[in-house]
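Asks: What follows is the residue order along each chain.
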Amino acid sequence: MIDSHARIEALAAARERIALVLTLLMILLYFGFIALVAFARPVLARLVLPGLSLGILLGALVIVVSWLLTWVYVRWMAANYDDEIHRLREGR
Amino acid sequence: MTAQGTAIGQPNPVAMAFFFGFIGVTLGITWWAARRTRTTEHFYAAGRTVTAGQNGVALAGDYMSAASFLGIAGLVSTTGFDGLIFSTGWLVGWPIVLFLIAEPLRNLGRYTFADVLAARLGATPVRVAAAAGTLATVTLYLIAQMVGAGGLISLMFGLSYETAIVLVGAAMIAYVLFGGMLATTWVQIVKAALLLSGAALLAIMVLWRFELNPARLFAAAAERYGAGVLAPGKLVANPLDAVSLGLALMFGTAGLPHILMRFYTVPDARAARRSVFYATGIIGVFYLMTFVLGFGAMVLVGPDAIRAVDKGGNMAAPLLAELLGGRPFLGFIAAVAFATILAVVAGLTLSGAAALSHDLWANVVRHGRAAEGEELRVARVATLGLGVLTVLLGITFKGQNVAFMVSLAFAIAASGNFPALVLCIFWRRCTTSGAVASMATGTLGTLGLIALSPTVQVDILGRPDAWFPLKNPALVTLPLSFAVGIVVSLVTPSTRVREGYAEWERRMHLGAAAK
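Heads up: the protein sequence lines correspond to chains A and B, in order.
Position one of the first sequence corresponds to residue 0 (numbering that gives the first Met the number 0), numbered consecutively onward.
Position one of the second sequence corresponds to residue 0 (numbering that gives the first Met the number 0), numbered consecutively onward.
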């Protein structure tokens, strides 16, 4: 019981750490984009390709990177969390 | 194309056929689900038998409203890049739901997010506060959806506004009343499939004309309407407004009761996690398609023709469909928009009914001693009452400017529901008084500040200026709600709650079954 408690604490701390880091990255990503929209309009108007402005590219990237962050989390949890939870549940 | 050249607003046989087809299929689903809905666990949580993949699609269905399909496409078609800011904003809440809320919620609660608070803190006060926050969010969201629905449906099908509202209300009540969460889930899945395939088909038809290269489409838009459409314009004249709305969208998603409720329909926390991953992918693809639909409507239909049909630009996607696929395709897209509205209001009504029957009646009034059958009966009465109220509110608010109510619902969810939930789940020293104070501050503060904001004072009441400068109050109310929750918890310490945290953490990770 004491042992399983320490293991849960360790697991909880690890999950909270990755969740916090990814949440902060998400906040930086989106509010970074909003900050550019608000304060760097000429930069966003610059064309990367004919027709494709940096603003449109970054807007699309915010969506894609958000989804990639959820993928990172799901992979991290599958690799570092699920097996240990399974063992704890089985009482091992 | 001119406004006179469109068949929008005339009875459209294809739209009618698709629409009645959708109603027929979903009522069939409801009949099937009704025979499997015998307990409260079935009614609120579909017997926890929904798979991660199904729930992912259903979450996307619950979230992708007609406002985002028609509204964002319209905004992009008339303003260009500025509309895209909304496309991204509507997605960024989902990773937050995944990282902070989905799994603890699944392991710590049964049917509503108030269950989580009540499992750790003083049950009665937190349930009352959480139910109030839920009902405020749900009611505002419902009014916005219903008024939008009435307007859109009368515009597209030529029905009267009131008929449209009653039709939506009747179908929604039938789904929830008889089929509970199981029917609601499958209505969401059918709707999400229709919406995605409709939008994808439309996007491909647009890109076909631009050699399947989005950059050529954007270039055509810039050529015709100036390079300004590819860059930020005057919509974000006030950066603080943009940040405040961003906060509401980002953290509001993680406090929307009808979204949170969906995590109880899957068997375990791992399935809840995977369902958010799927939902984020689906919703992301959908919002990326709004880039193409919006610019496609701008180039092919033209902003003036779009505004001529509807000042708000909401008809951009239907007009685009008519131009590219004629009246049959217009009919299909119109029916998809109708299905979209129906599914969203069904999910909202179910979560409102759960707050009334599960949180207020069964646990506050009857102190958890209500029999299973009694709670189920109350849940059905609550569904009926809420459905009728929604129809009446929809008719009452006819012609009013209610677009702000969606962002207001997000602001309440972000500052009323989200902070208390985070403090209760992750903070050892959180107390009952702290959580209640945080929810009350967030909900009442948001309602108060929105009443003093330019949205209400200038846009609706027509005053020259407003006392509170921001259109969305989340920038003030979200941090305030966290601060109040923390300060009140610190001045009302509870040894019992603090010492129970080890057991709480155990349940959060191992689930309720592990004692």
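Keep in mind the hints are simulated off the structure, nothing from the lab.
All values reported here derive from a predicted model rather than from experimental measurement.
Virtual Cβ for every residue (Gly too), placed ideally from N, Cα, C.
Among the clues, some could well be false.
Calculated Cβ distances over 12 Å to all of chain A for the following chain B residues [to be verified]: (1) ALA118; (2) ARG208; (3) TYR277; (4) GLN456.
If you want the footprint, here are the derived chain A segments under chain B, 3+ residues with CB under 8 Å [to be verified]: (5) 2 to 14; (6) 26 to 39; (7) 50 to 62; (8) 66 to 77; (9) 80 to 90.
Asks: Each hint needs a verdict: does it hold in this structure or not?
Replies: Status of each hint after checking the structure:
1. ALA118: For ALA118(B), whose nearest Cβ neighbour in chain A is about 17 Å away, the distance exceeds 12 Å, so it holds.
2. ARG208: At roughly 14 Å from the nearest Cβ of chain A, ARG208(B) sits farther out than 12 Å, so the non-interface label holds.
3. TYR277: violated (9 Å)
4. GLN456: holds (24 Å)
5. 2 to 14: This one holds; 6 residues, not fewer than the three required, reach chain B with a Cβ under 8 Å.
6. 26 to 39: It holds, with 10 qualifying residues against the three required.
7. 50 to 62: As far as the stretch 50 to 62 of chain A goes, the hint holds, because 9 residues have Cβ atoms under 8 Å from chain B.
8. 66 to 77: holds (count 7)
9. 80 to 90: holds (count 4)
Consistency note: the structure conflicts with earlier hint 3 alone.
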